[in-house]
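Could you put the whole structure together from the sequences, leaning on the hints where they help?
Numbering (our numbering), first residue to last: 9 to 153.
Calculated from the structure, these hints are not laboratory results.
Glycine is no exception: its CB is placed at the ideal position from the N, C-alpha and C atoms.
Please note that a few of the clues may not be correct.
Just the calculated beta-carbon pair ranges, DEER-fashion [to be verified]:
1) T101 <-> L51: 26 to 32 Å
2) V13 <-> D99: 28 to 34 Å
3) D38 <-> T97: 49 to 55 Å
4) A48 <-> V112: 22 to 28 Å
5) T40 <-> Q113: 52 to 58 Å
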Amino acid sequence: STLDVSASGELTLLGNSPETIDLTSRLKCDSTISHTLTVAANLNPAEGDVDFGQPTGLQFQQVGDRLAVGVRIRVPSGERLINFQVSATFDGTMLTSGGGASYVQASWDGVVSTLNDPPSSFLLVASDDKSPLRGTVDVGTVTLA
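Structural data, given as structure tokens:
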């Protein structure tokens, strides 16, 4: 389950969901009165974690035959991000990092990207011991085909 609902009605987000979720509340004294809110379950990365996809809304949103995969790293509190190596592997029959795949950097200059080696993965690597970057760092976006 992506959401947990306590006995008092408190919602706790447990994980990401590839689809939107409809939350419906009803009055206990008159169940004909209700309201539905559609939400996208999309967690922020934990400290020391990497997050793929969009930061808000649905995590992955395909446009045509392309899928833009944002890459963010959350640096532990009080620390700086001075280097990283991020790799992702996926089903090569559904997506590929070959052909029209690309990488666009964001807040970190000088990221070395490896696409199409093999076509079912990508690799991003960077190092800068003078980096001032803290918090959640937007490394860039890999677009897959």
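We went through each hint and held it up to the structure:
1. Distance hint check for T101 and L51: the Cβ-Cβ separation is about 27 Å, which falls inside the suggested range of 26 to 32 Å.
2. The hint said 28 to 34 Å for the Cβ distance between V13 and D99, and at roughly 33 Å that hint holds.
3. A hinted range of 49 to 55 Å for the beta carbons of D38 and T97 is consistent with their spacing of about 52 Å.
4. Distance hint for A48 and V112: a CB-CB separation of about 23 Å, consistent with the stated range 22 to 28 Å.
5. Range check, T40 to Q113: about 54 Å between beta-carbon atoms, so the 52 to 58 Å window is met.
Consistency note: the structure conflicts with none of the earlier hints.
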